[in-house]
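Peer 1: Let chain A serve as the given structure and place chain B on it in line with the hints.
These protein sequences, in sequence, are chains A and B. First residue of the first sequence? That's 0 in numbering that gives the first Met the number 0, and the numbers climb one at a time after it. First residue of the second sequence? That's 0 in numbering that gives the first Met the number 0, and the numbers climb one at a time after it.
The reader is advised that the hints may include incorrect statements.
Where chain B lies over chain A, by a calculated footprint (3+ residues, C-beta under 8 angstroms) [as the list claims (entries may be wrong)]:
id, stretch
1, 246-252
2, 425-433
3, 445-454
Listed below are several chain B residues computed to face chain A (Cβ distance under 8 angstroms; list not exhaustive) [stated by the list, open to error]:
id, residue
4, L23
5, R35
6, G68
7, H195
8, A232
9, L464
Simulated from the structure, these hints should not be mistaken for laboratory data. We put the CB at the ideal spot given by N, CA and C, even for glycine.
Protein chains: 2
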Amino acid sequence: MPYFDAASSLPPHPVARQALLAALDEGWADPARLHREGRRARLLLDAAREAAAEAVGCRPDELSFTSSGTRALYTGIAGALAGRRRVGRRLVVSAVEHSAVLHAARAHEANGGAVEEVPVDRAGRVGVDDFRAALREDTALACLQSANHEVGTEQPVAEAAEVCAEAGVPLLVDAAQSLGWERPADGWSLLAASAHKWGGPGGVGLLAVRKGVRFAPPPPVDERESGRSPGFADLPAIVAAAASLRAVREEADAEAARLRALVDRVRARVPELVPDVEVVGDPVRRLPHLVTFSCLYVDGEALLHALDRAGFSVSSGSSCTSDTLAPSHVLRAMGVLSEGNIRVSLPPGTAEEDVDAFLSVLPDAVRRVRAHLDAPDAPEVPRESGAEPGAADLGPEPERGRAEDAGAPSLTVDSRGKLCPIPVIELAKVIDRVPVGGTVVLLADDEAARLDVPAWCEMRGHEYLGSEGHTYRVRRRA
Amino acid sequence: MPYFDAASSLPPHPVARQALLAALDEGWADPARLHREGRRARLLLDAAREAAAEAVGCRPDELSFTSSGTRALYTGIAGALAGRRRVGRRLVVSAVEHSAVLHAARAHEANGGAVEEVPVDRAGRVGVDDFRAALREDTALACLQSANHEVGTEQPVAEAAEVCAEAGVPLLVDAAQSLGWERPADGWSLLAASAHKWGGPGGVGLLAVRKGVRFAPPPPVDERESGRSPGFADLPAIVAAAASLRAVREEADAEAARLRALVDRVRARVPELVPDVEVVGDPVRRLPHLVTFSCLYVDGEALLHALDRAGFSVSSGSSCTSDTLAPSHVLRAMGVLSEGNIRVSLPPGTAEEDVDAFLSVLPDAVRRVRAHLDAPDAPEVPRESGAEPGAADLGPEPERGRAEDAGAPSLTVDSRGKLCPIPVIELAKVIDRVPVGGTVVLLADDEAARLDVPAWCEMRGHEYLGSEGHTYRVRRRA
Numbered sequence: 000m001p002y003f004d005a006a007s008s009l010p011p012h013p014v015a016r017q018a019l020l021a022a023l024d025e026g027w028a029d030p031a032r033l034h035r036e037g038r039r040a041r042l043l044l045d046a047a048r049e050a051a052a053e054a055v056g057c058r059p060d061e062l063s064f065t066s067s068g069t070r071a072l073y074t075g076i077a078g079a080l081a082g083r084r085r086v087g088r089r090l091v092v093s094a095v096e097h098s099a100v101l102h103a104a105r106a107h108e109a110n111g112g113a114v115e116e117v118p119v120d121r122a123g124r125v126g127v128d129d130f131r132a133a134l135r136e137d138t139a140l141a142c143l144q145s146a147n148h149e150v151g152t153e154q155p156v157a158e159a160a161e162v163c164a165e166a167g168v169p170l171l172v173d174a175a176q177s178l179g180w181e182r183p184a185d186g187w188s189l190l191a192a193s194a195h196k197w198g199g200p201g202g203v204g205l206l207a208v209r210k211g212v213r214f215a216p217p218p219p220v221d222e223r224e225s226g227r228s229p230g231f232a233d234l235p236a237i238v239a240a241a242a243s244l245r246a247v248r249e250e251a252d253a254e255a256a257r258l259r260a261l262v263d264r265v266r267a268r269v270p271e272l273v274p275d276v277e278v279v280g281d282p283v284r285r286l287p288h289l290v291t292f293s294c295l296y297v298d299g300e301a302l303l304h305a306l307d308r309a310g311f312s313v314s315s316g317s318s319c320t321s322d323t324l325a326p327s328h329v330l331r332a333m334g335v336l337s338e339g340n341i342r343v344s345l346p347p348g349t350a351e352e353d354v355d356a357f358l359s360v361l362p363d364a365v366r367r368v369r370a371h372l373d374a375p376d377a378p379e380v381p382r383e384s385g386a387e388p389g390a391a392d393l394g395p396e397p398e399r400g401r402a403e404d405a406g407a408p409s410l411t412v413d414s415r416g417k418l419c420p421i422p423v424i425e426l427a428k429v430i431d432r433v434p435v436g437g438t439v440v441l442l443a444d445d446e447a448a449r450l451d452v453p454a455w456c457e458m459r460g461h462e463y464l465g466s467e468g469h470t471y472r473v474r475r476r477a
Numbered sequence: 000m001p002y003f004d005a006a007s008s009l010p011p012h013p014v015a016r017q018a019l020l021a022a023l024d025e026g027w028a029d030p031a032r033l034h035r036e037g038r039r040a041r042l043l044l045d046a047a048r049e050a051a052a053e054a055v056g057c058r059p060d061e062l063s064f065t066s067s068g069t070r071a072l073y074t075g076i077a078g079a080l081a082g083r084r085r086v087g088r089r090l091v092v093s094a095v096e097h098s099a100v101l102h103a104a105r106a107h108e109a110n111g112g113a114v115e116e117v118p119v120d121r122a123g124r125v126g127v128d129d130f131r132a133a134l135r136e137d138t139a140l141a142c143l144q145s146a147n148h149e150v151g152t153e154q155p156v157a158e159a160a161e162v163c164a165e166a167g168v169p170l171l172v173d174a175a176q177s178l179g180w181e182r183p184a185d186g187w188s189l190l191a192a193s194a195h196k197w198g199g200p201g202g203v204g205l206l207a208v209r210k211g212v213r214f215a216p217p218p219p220v221d222e223r224e225s226g227r228s229p230g231f232a233d234l235p236a237i238v239a240a241a242a243s244l245r246a247v248r249e250e251a252d253a254e255a256a257r258l259r260a261l262v263d264r265v266r267a268r269v270p271e272l273v274p275d276v277e278v279v280g281d282p283v284r285r286l287p288h289l290v291t292f293s294c295l296y297v298d299g300e301a302l303l304h305a306l307d308r309a310g311f312s313v314s315s316g317s318s319c320t321s322d323t324l325a326p327s328h329v330l331r332a333m334g335v336l337s338e339g340n341i342r343v344s345l346p347p348g349t350a351e352e353d354v355d356a357f358l359s360v361l362p363d364a365v366r367r368v369r370a371h372l373d374a375p376d377a378p379e380v381p382r383e384s385g386a387e388p389g390a391a392d393l394g395p396e397p398e399r400g401r402a403e404d405a406g407a408p409s410l411t412v413d414s415r416g417k418l419c420p421i422p423v424i425e426l427a428k429v430i431d432r433v434p435v436g437g438t439v440v441l442l443a444d445d446e447a448a449r450l451d452v453p454a455w456c457e458m459r460g461h462e463y464l465g466s467e468g469h470t471y472r473v474r475r476r477a
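Next up, chain A with everything else stripped away, as it sits in the complex:
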């Protein structure tokens, strides 16, 4: 049963499992104690720290183990902001950082700080000039991920580190997605990562803070991990994390090349096999194992379940699969389609046949979801859907008076109260009912429409005229 959600969490690497078992007998005592059990635990902890520091590319005394990658990011951001409070309270982040970074940024704002989000292009990549422009005299910290967790795009970390150095601003690099693949580019001041992303156990993060970086760890502080991670840690898990990081790195280059080819195959074949698909993220400067695409007229959660039934575990950034009912902030920042979004992230060792099997089941899974939703291109004869436009469904036509539409035919579809992807499906169904140059007014209160209506226009070659509140206006162009 192929598991294609490596970017979320990996099963433990065999070396992680062995190291965990080996450390259970000696790694349970408090490494701060002076007795022999404590000293043995301390030896294990020191060895794990040295191995992890070697993989990160820092000194052992610059590296602390935290209780998760999320906690490493929180502590790193809060500590660097507090350490440079006198410089200013401005935090720069890219718009596509992990939610942990954005949560920390929200907390900083709630606490009176300022946050500036650097935009990304349609491939999800930060522009170095944009990054430079965001740095000001009062910028206390800048954050940039090594590669995006949802679309795989690599960020220009080395270049960002250069502009940060010029501006005298420390750079925190979130290396969660890439640390298992390679040693991070030089130039960072702080670095965070998470062991379960490389095949280590859950509950282990890394936070590295370069000597000389002003850092005041957020309270409360105890004597553990240089004051940067309070509480008694799971030492066998830390040992397993360090051992597995070393092990996956040994296999990383060969495995990256193999998975890169498989991902290239997915990137090429999916648009051939499935109509109306947008493959997102940078095609070249990307993580080796990850590919994301969005399918027009598809409910992401339904597609995820259909693939799950077919034996494939993937994830989705569509709004309907999240608690918040908002589409992924990454897709939003990129301005790409969010409906029917699927992320395929291949674990090391993924068999070629499993990828081919995925490609063989995907088209039918998409077709079924579209048929169920009565999507425009579905093979079945379209039934009347709830908001099929007709006299009874037509709302007021408020556009008549506007200059650019004067005289042009207009049609209104009311999709309020309906969730993604229904508003876009209803839009697609009526576009042919106005002549080329005519306008469709779509009323939709699902947050995903803000992303998916313009994305649909771009994919279909229609003109997106903009939105006001829950009213979207589209001009037929073909």
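Peer 2: Using the frame of chain A, we list chain B on its own:
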């Protein structure tokens, strides 16, 4: 090799080990994901939560897993204080809480809040009347441990819960030391504990918050664990924690009775075997497995190493074994001797012979440390120690002018720059050089002297006249 430091951390219970191994295969995926690996992980997490809630005595949806007991305390305290900010910003804690509670209290003070410490008696027990008196209209939260981690004294939690209920103040109970032994007394509003104290893995804490308690988790918050514990957790460790809690509880009553008898033996025999020992903590209302004593004229770290060489792992609250060079805040709050402090905490399954073996090596270990320090009652002929009083060592005698000493002979010993237990040893060596009624003035800048000079006076029947800065005055009474 007997390990007698159970209160610090226990080796994993066999059930913890089994559960950990069993959960490694199914517990690595993200329980928030919709695919089958995520759903399997979710089932494990739900089952662990139910088992832990049953042992705690709460509803599963009241219980969150955290990354340590320390983190559970931090989050519980910060969340309850924030939730009741409108009531007031006063936090009540006992003076002998775990350092994590006191660190959280310091952070609250640094943030503008007020903290009131409730004193304890010489046995380390909080008085219910003192606790009641500390609760005011603007008290947001009160914290009380179920039992003390250094001296084993049980606190009157049920009574404290009653007075808190009368005052309308939520009570947070730190059950870290007792949860493996018994279900906590009813009446708490929040409860924290730590798995490695009962034989579960490190890196797993519990935080229970009763429905209806106002609680605003400290930022940043994510969607995990009801917003109370951000970041991806170590699910196999959580499963192991819950399974082992259930297992140790099944054995708890029988094992508690057995260990209680062994501890009673230690409490009775140590003062018979070793001269000048103070056994501290409540002799009856105490944890079953823990006993603490302090040895006059002994360096705690040296004794700890001597016992370690003899094969016994214990811990110490003496100043010289800690980074801060300050004696344990617990011993300080109790007002008992801190020098030569040893905590013996027996793991479940401790053999009677091992306890007897400990009692047989202890006297000689103490004797050797005392001899090495040239203590007053050491068998060797006293050599001249650095500050042996004599003409050259005598400081000024500033006390001559004071009324109560007028005419009485006085002698000054300068022990400044010397660490515990040297100042008390030097005091003991000169007390016979003044007549009964005469005064010794001791100059000492080691923080431990503040505790140990009065404790020595009480043990030796001399009169402690008080201190001013680094000057201590003692009147010979016998």
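Peer 1: Run every hint past the structure and note whether it holds.
Peer 2: Here is what the structure says about each hint:
1. 246-252: violated (count 0)
2. 425-433: violated (count 0)
3. 445-454: With 0 residues closer than 8 angstroms to chain B, the stretch 445-454 of chain A misses the three-residue bar; violated.
4. L23: The hint holds - B:L23 has a Cβ within 8 angstroms of chain A, the shortest such distance being about 6 angstroms.
5. R35: Where the cut-off is 8 angstroms and the nearest Cβ of chain A is about 6 angstroms from B:R35, the hint holds.
6. G68: holds (7 angstroms)
7. H195: holds (6 angstroms)
8. A232: With a closest approach of 5 angstroms, the B:A232 hint holds.
9. L464: At about 36 angstroms, which exceeds the 8 angstroms cut-off, the nearest Cβ of chain A leaves the hint on B:L464 violated.
Hints 1, 2, 3, 9 from the list above are not met by this structure, while the remaining hints are.
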